[in-house]
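Colleague: Now for the letters of each chain:
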Amino acid sequence: MDFFTLIQILDATVRLAIPLLLACLAGLFSERAGIFDIGLEGKMLAAAFFSAAIASMTGSVWIGLLAGIAASLFLSGIHGLASITFRGNQLISGVAINFLAAGMTVLIAQSWFSQGGRTPSLSGAERFNPINFPGALTTTNEVKAASPLMQVYSELLSGHSLLVYVALLTVPMTWWLLYRTRFGLRLRAVGENPAAVDTAGVSVVGLRYAAVAICGILCGIAGAYLSTALQAGFVKDMSAGRGFIALAALIFAKWRPWHALYATFLFGLFQALELRPDVIEAVIGMKVQGQFLGALPYIMTVVILAGFVGKAIPPRAGGEPYVKER
Amino acid sequence: MNNDTTAPAIELKGISKAFGPVQANKDISIRVMPGTIHGIIGENGAGKSTLMSILYGFYKADKGEIFIGGQKTEIPDSQAAIAAGIGMVFQHFKLVENFTVLENIILGAEDGRLLKPSLAKARKSLLELAAEYELNVDPDALIEEIGVGMQQRVEILKALYRQADILILDEPTGVLTPSEADQLFRILGRLRAEGKTIILITHKLREIMEATDTVSVMRRGEMTATVKTADTSPEELAELMVGRKVLLQVDKTPPTLGDVVLDVQNLRVVDEQGVERLKSISLNVRAGEILGIAGVAGNGQSELLEVLGGYADGTGSVTLNGEAIDLTGKYSDGKTRRARGIAHVPEDRQREGLIMDYSAWENTAFGYHDDPAYQSGIFINNAAIRQDTEEKMERFDVRPPNPRLAAKNFSGGNQQKIVLAREIERNPDLLLIGQPTRGVDIGAIEFIHQQIVALRDQGKAILLVSVELEEILSLADRVAVMFDGHIMGERAAGETDEKELGLMMAGVET
Amino acid sequence: MDVMPKWAEVVLVPLISLLLAAILSGLVILAIGEDPIAALKLMIDGALGSTYGWGYTLYYATNFMFTGLAVSVAFHARLFNIGGEGQAMLGGLGVALACLFIPWPHWSLGLLGAIVLAGAFGAIWAAVPAYLQAKRGSHIVITTIMFNFIAAAVLNYMLVNVLRPKGAMDPATARFPEAVHLPTLHDILAPIGISFSKAAPANVSLLVAIVACVLIWLLIWRTKLGYEIRAYGHSESAAKYAGISPVKITMIAMIISGALAGMMAINNVMGEAERLVLNATEGAGFIGIAVALMGRSHPLGVFIAAILFGFLYQGGAELALWTSIPRELIVVIQALVILFTGALDNMVRMPLERIFLALRKGGN
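So the protein sequences, as listed, match chains A, B and C.
Be aware that the first sequence starts at 1, since it is given in our numbering, and climbs by one per residue.
Be aware that the second sequence starts at 1, since it is given in our numbering, and climbs by one per residue.
Be aware that the third sequence starts at 1, since it is given in our numbering, and climbs by one per residue.
These are computed hints drawn from the structure, not numbers from a lab.
Treat the hints with caution; some may be incorrect.
In the DSSO-like style, the derived pairs of lysine-lysine whose C-alpha atoms are separated by at most 27 Å in a straight line are [to be verified]:
id	chain 1	residue 1	chain 2	residue 2
1	B	K13	B	K335
2	B	K330	C	K6
3	A	K324	B	K335
4	B	K335	C	K6
5	B	K408	C	K135
6	A	K324	B	K408
Restraint-style ranges between C-beta atoms, simulated for each label pair [to be verified]:
id	chain 1	residue 1	chain 2	residue 2	range
7	A	W62	C	K198	53 to 59 Å
8	B	G149	A	F292	40 to 46 Å
9	B	Q458	A	F308	50 to 56 Å
10	B	G316	A	L168	36 to 42 Å
11	B	G20	A	A240	35 to 41 Å
Reference listing, derived: stretches of chain C covered by chain A, where coverage requires no fewer than 3 residues with Cβ under 8 Å from a Cβ of chain A [what the hints assert, rightly or not]:
id	region
12	103-109
13	153-167
From a predicted model like this one, the values you see are computed outputs, not experimental measurements.
By construction, the Cβ of each residue, glycine as well, lies at the ideal position given by its N, Cα and C atoms.
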């Protein structure tokens, strides 16, 4: 394998890891506040559809992004209503949201565009287009011929859409918010012991809704990225289990922001390699089944959860609705 | 001390609160003067905690008014209570376990949006408070790594940091040793000297007599009396609490001792966190005797019951009627223990002894559901269990005597009778019984005590665990005191008193 | 205290939840420019208007009875088995192996063999997450979700690389031999003089599913094991006190659950497709969640809810055929049922409790 192939794979890793990263951080906010969210998948899917649909209708990807975030927030609202206000089962609510999104996106897509559950293809200002850094080479042949440093600069660092850079910035921001601000302290506390927050005179409900809303916004960006940056339009079920891989990454990262970055990039690498079986064969000298690579994040999550590689302890109040004691 | 012209720190007028069909507080009025310690005493379920939760904004009263320092005040939430200068130390601490002391103190009372300045400020005032009230804690220690006494200090500091003038403590000594409790009362005294007002909720008469200036008595949701502590006696308070003269002494004859039924040698239990809960315990119980285990909650009594009852693993040797009991292997479970003749009335009937959603008849089979009498072929014979339950309910005077009613719909006393009937009627050789009268009304207490003594008189061995010294002293023939996983010592019931046992409970060799 | 009478708990609450889901679904249909009443008529006509329609409705219902029971049994032990889909996929593999590699002399023996293998495969796929939960404390919901994806990968691999006949293009096994073709409802009902559509896929598996409903009812409410499963589901701490092993109950409940989900394959793989294809389960494992929630985890409730979902499935297919409403409408309805009967249960229950409390006070 030559250096350029490596750079290409890493470049694909970045592109594929970004939606996982955003969804993973989304889940981090929610679960750190004590609300389990297995509806990341559904929120991403809904956002992917509405971003593409509205971008296609208005010609502006920015309005599309807002629409995607709004759709994701709406589903977050349902999750909040079910799990915070009505103290329902958070897992069941998440399941419902995933199905709601899977069904509604196709239903509305068919009603609006009559293209078998897709949106029209997006182009120009309807998409988030690659940003080329100053001096970066743009054609594959030019990059291939350039020095390794230039290859890294042109192929790996430059040429991603704005959302990629935004997503990467979200990691330190999340860390800062969680560990350096009042909001973060309270958020972490409400996921560990909501009674402590409540008796300290802070609204448990308010904090949890805030967390769920942040989760909605991040899932919204993740979905918009899928349909307006990674792809050019929405197709049925395009989130393709990414919400669950993100969940797996969250456990893998033990609910910590920087580790979320590492975990999602690792899983992104698997996805990138799945597309390049030739490379794997060249490197390790034997054929690896694509299905195995595809299943690897799930298998790794099972192994991690089982505590064979360090124990993953979720926030203590996670999944439990808060009821005041008598 | 206070003349009548100063406004009360707190005045409640006509507070009422119902939870569904249950009237928890009925038209309660109370005045608490500033700079005093005011005790509120009553049995479990008398409505003390509900009243204080209303004062702290946890519940909204259905009716009634609250005055703080003479001002009518609405307390819709905890925020408002804190703003009105009220701090509360709950029975179950409200701390974030994996946060530091400092983080817990500032939670909800931060200065500004960033943490650093808040933490710095809190560190400084923590030092001042520590000096002022003898409340030393390590600000950087994690809550999960400090003891309960320390955790309680953090709770008090939390209130003081929020500039509370009124401090409510709900059953603060339940988890403390007598010496820790004494220390707490010294701190409270100091707080009073600084002009703070303290409300002390407890069901322990001794604490009321020792620590308070004034005492209010609650019974069944009503405030039955408020008196100056100096003008009353424990006997009078007890009578006010329960509404009639109480027999604190149980009638019983001296024991007729038989052979050793339970013999425990060097029993050790290590919990899931790797903490040693029982540190090489040895004891024995003879037929026809009640061995009482006294001690502050959390000193290994629960683990002793669990390991003997078959749901915690241990090492060492335990024999029943001379035959060894498997402590770690395949046959160390509740069912096998029952088959060997060990009955167990657990400490917490709602979490362990009963399935609250199961009907009374299903609960009567609980743990004995393998009994051949309850089977017909491969199926359970529900009718037979119901029949058996009806008979047991009648013998134990369970009300209402309806086997189909879910356990959660019975009162605490009747729930306990269901458990007791199930366990005692099996004619066991050994009865393990923990906190037999916790949360049980006074009428049922007498009945339950009589049943225990009757079982002893039939020549059964009984191991009684209770945190109520009074109960131990009135029931047990022999008393062992547990402290920190050890047995501090044993005494014949007639040759000891509360004072000596109290010292032993605090880990003092006597 | 029980605020509500039992009938309200068992009938009224699910009924109102269902009504809410139905109203919202109607609004959705309105919003995409179709007539909900006409759509409902079309669905009833298509699903229940002919023996052909019934044949499909009951075929789908059979799937959902198995997966609904699977989720219910786990619910009784307070375990949320989201892995029905993966367990059903593996069950399909079991059926395919049983039918392709064992020369059964008669379909009835073949069916027995297929039930055993399908159940065993499903059970194994549930047993691993159960073991990890019981012994290692892994959250069973997450593990079973992961196992769904792993199952899909396994099935994909088996069909593409192992079981696909030489020269065939699509990832599927060869057709099962004639001897293991199951009798359809047409075949069963014809001898007793009832004519039933020949083309519809409902088959003898429906009877197996009904027997499973009865057996599970007996298991849960009439046996020691059922007593222990429910006890553990209500209170783990009490179960330990009574000598009921959490490990044992978790394992057994999940094994029964997985076996039931796996057994679904006798219907869709052996009874209908007569070969194993990718995506044979068509989401039936997930619909089991909605069915169990609606049926309050009671076999009779599951039976009724399964038929309702069978109706929705067949009706939805008819809708997609004759109108511009896509089949995904069913997914939406399914989501709404899960939402209202599951997650938003309290939203329905709380006002009802208030009404009953007021009624009781008024009555006194």
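Colleague: All hints, please: hold or fail.
Modeller: Okay, the hints, checked on the actual structure:
1. A hinted pair counts as satisfied when its Cα atoms are at most 27 Å apart, and K13 (chain B) with K335 (chain B) does not qualify at roughly 53 Å.
2. With a CA separation close to 41 Å, the supplied pair K330 (chain B) and K6 (chain C) exceeds the 27 Å bound.
3. Between the alpha carbons of K324 (chain A) and K335 (chain B) the distance comes to roughly 36 Å, so the proposed pair goes past 27 Å and is violated.
4. Only pairs whose Cα atoms come within 27 Å are accepted, and K335 (chain B) paired with K6 (chain C) is rejected, the gap being roughly 32 Å.
5. Our distance criterion of 27 Å between C-alpha atoms is broken by K408 (chain B) and K135 (chain C), whose separation comes to about 31 Å.
6. Of the supplied pair hints, the one linking K324 (chain A) and K408 (chain B) holds, its CA atoms being roughly 19 Å apart against a limit of 27 Å.
7. Evaluation of the 53 to 59 Å hint for W62 (chain A) and K198 (chain C) yields a pass: the beta carbon distance comes to about 58 Å.
8. In this structure the supplied range 40 to 46 Å is violated for G149 (chain B) paired with F292 (chain A), their Cβ-Cβ distance being about 55 Å.
9. As the Cβ distance of Q458 (chain B) to F308 (chain A) is approximately 53 Å, the hint placing it in 50 to 56 Å holds.
10. As the Cβ distance of G316 (chain B) to L168 (chain A) is approximately 58 Å, the hint placing it in 36 to 42 Å is violated.
11. Our hint of 35 to 41 Å for G20 (chain B) and A240 (chain A) is violated, since their Cβ atoms are close to 48 Å apart.
12. Coverage of the region 103-109 of chain C by chain A is violated. Counting CB-CB distances below 8 Å, 0 residues qualify, and the rule asks for three or more.
13. Residue count for the region 153-167 of chain C with a Cβ under 8 Å from a Cβ of chain A: 6. That meets the three needed, and the coverage hint holds.
Checked against the numbered hints given earlier, the structure breaks hints 1, 2, 3, 4, 5, 8, 10, 11, 12 and satisfies all the rest.
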